[in-house]
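Student: Spelled out, the chains give:
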Amino acid sequence: MAHTFETSSNAGGANHWVRALGRRLIEIPPAYFVLAAVLVAIALLNPNLMKPQVLLTFIRQSAPLGVAVLGQLMVMRARSIDLSIGGVFIITNYLLTSGLLGGQPVAMLVLVPLAVGLVVGLVNGALIALVRASAVIVTLGVSIILTGIVLFMSSGRPPGRVPDELRAIANARIDVVPVPVIIWVVAAIIVAVLLRTLIFGRYLTAIGSNPQAARFSGLPLPRIVVTTHVLSGLLAALGGVMFTAALGVGSVKFGPEIMMNSIAATILGGVTFGSGRGGVAGPFVGVVAFALLFALMTVFGIQEPGKLIVQGTVIAVAAIIYGMRTR
Amino acid sequence: MATLSALLPPPRNSRAGPWYLVLACLVIVVAVVAWSAPLFLTPGNLSNVAAQVTPLVITAIGQTLVIITGGLDLSVGSLISLTTAIIVLDLPGWAMVLLAIAAAVTVGTVNGVGIAFLNVHPIIMTLASMSVVQGVALITRPVPGGTVPGWISGAVNGSLFGLPAALVWIAVAVVIAAFLIYRTRFGLHLFAIGGNPNSALMNGVRVQRNIVLTYILSSLFAMGAGFYLAGRIASGDANVGTVFGLDSITAVALGGTSLSGGVGSLVGTVLGSVLVGVIGNGMNLMNVSAFLQIVIKGALLLAVVSVQRRKQIGL
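Those protein sequence lines, which keep their order, are chains A and B. Position one of the first sequence corresponds to residue 1 (our numbering), numbered consecutively onward. Position one of the second sequence corresponds to residue 1 (our numbering), numbered consecutively onward.
Each hint should be verified, as a subset may be incorrect.
[As the list claims (entries may be wrong)] Beyond 10 Å from chain A on every Cβ pair, some chain B residues (computed):
1. A34
2. L41
3. S129
4. A137
5. G162
6. V168
7. Y182
8. V205
9. A234
10. L246
11. S260
12. G280
13. F291
14. Q293
15. L301
[To be verified] Chain B stretches covered by chain A per the calculated footprint, using a threshold of three residues with CB under 8 Å from any CB of chain A:
16. 92–105
17. 249–259
Source of the hints: derived by calculation from the structure; they are not laboratory data. For each residue, glycine too, the CB sits at the ideal point set by N, CA and C.
Starting from the given sequences, assemble the full structure and let the hints guide the process.
Tutor: What follows is the structure, given as structure tokens:
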């Protein structure tokens, strides 16, 4: 992080190539620098952790977040935001641990939450794109409603346990690679292909760069915004299933954290409102960087408050770097 | 009387937004609640409502300033928590007050500078500071507790001329804000910035400086709410403010203030906050589950923003 700052201030100097290098460096999402710094820190401070198996275990914990981030990045590229991811995670967790779906096959355990995610995405999208309500308020409101519903249904007490089949999938590995990480990578590749090759991806870039121009060029703006929110709802539900399967029990606590982390990783990965830039790789690396950063902090006994401070600082610094670049 | 005329925006002022709608809502809700829960209109319960609603009114007034400029301040909730944590620190009174003010001004300045000078989106900037401030609050006061100085408890729980102190707190906050919004150049500039920042800039409004000032004021109002809340719950609690971030936005939106900036009023915000408070109190009296209340509050927020159709799709 410090490195980026130094270079960008040097960029004001006379040397042309320094300026060019500075510009090139500032183009790279901050996530890569954070990841490099964290890896160096881990290697220096606790080399025992530098084994693929250990690192992959840390990364496995972040696979659900990583899947949700895939949705968040599409939404943010369409100049919207999805703060309801936390709520979707919570209601998914409730559906899977309350016994409502007891005895159902694994396919149903995944499909029902996905259907809920789809509905949430549709509601978000319709209110934002058709009613033109503020995306922040709508998705925050939806998140509150979902959390409230779960609290009401469970009387504030976290429900039971996750069906064993799901737990088994969450803990399985193919060779050394955990299955959740494989699901995450596959989902990321699908989204990347979607953004690169389909017209939908080009539309997103156009809207991100200039929504007015996009609208005057006849792009179906409302439909695209609704689509991104539906995709985000689906991916959040999938992330919620993976999260709950890994957690094993019911809980109502983690919502805000997931929501904040999804935005943090997306911004860290180089996606900001209305720049039209940013791919899947940046936020992917952002999630990995956050996973390892939090793991490192846990190793050093830094508690929740410290993590909140680091998280907020990282978001702010990344956003400031981008803000200065796009001025 | 002078206060009252300062409170109400000039007639036929489109800048004020449809605040009379929330007044109508309030009348209906009060009628319904009073009819179905006879306890509601007792003096004891009404002063209870006033006490409950005061921190929200104060926070929402600060939030109004920010929203009129077209911004949003999500960090007010955690700043309230931090303030209560600072109040129960073992410090002499003046040092504690100075520390609380310093904390509020710092948070407001960082928000404002990030948004106005460094080109960061208000949501991102205040979300980030919300996280940091929450962390600091949790470090300052990991578990709820501590002793609130007697003078704060007295100022919150006492009464003046037979009126509950809560009304005095509300009056002070409203008068300060009414003066700022309706009787100063700064207030006029808030609307200009919210309406169109570029034309405001072209017309000589110091946009960036005013935005920073707005976020500082929002933080200071949140700090005031923190003082009130500490007196009321008689302890420091790093999680007590969390609900106020969203509740304040709900109250402001209910009051007819446009979330895209440039249109808003103080009356609307005060009435909106009271409406949120009355609905909460009414549901308590009718024994509605606290969890169901969360759902209803969320639905109310969605209904309110859905009525305010905007020109553009987006944040």
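Student: So, for every hint listed, does it hold in this structure?
Tutor: Hints, verified against the model:
{"no.": "1", "hint": "A34", "verdict": "holds, 26 Å"}
{"no.": "2", "hint": "L41", "verdict": "holds, 28 Å"}
{"no.": "3", "hint": "S129", "verdict": "violated, 6 Å"}
{"no.": "4", "hint": "A137", "verdict": "violated, 8 Å"}
{"no.": "5", "hint": "G162", "verdict": "holds, 38 Å"}
{"no.": "6", "hint": "V168", "verdict": "holds, 32 Å"}
{"no.": "7", "hint": "Y182", "verdict": "holds, 26 Å"}
{"no.": "8", "hint": "V205", "verdict": "holds, 19 Å"}
{"no.": "9", "hint": "A234", "verdict": "holds, 23 Å"}
{"no.": "10", "hint": "L246", "verdict": "violated, 6 Å"}
{"no.": "11", "hint": "S260", "verdict": "violated, 8 Å"}
{"no.": "12", "hint": "G280", "verdict": "holds, 13 Å"}
{"no.": "13", "hint": "F291", "verdict": "violated, 4 Å"}
{"no.": "14", "hint": "Q293", "verdict": "violated, 8 Å"}
{"no.": "15", "hint": "L301", "verdict": "violated, 4 Å"}
{"no.": "16", "hint": "92–105", "verdict": "violated (count 0)"}
{"no.": "17", "hint": "249–259", "verdict": "holds (count 3)"}
Violated hints, listed in ascending order, are 3, 4, 10, 11, 13, 14, 15, 16; each of the other numbered hints is respected by the structure.
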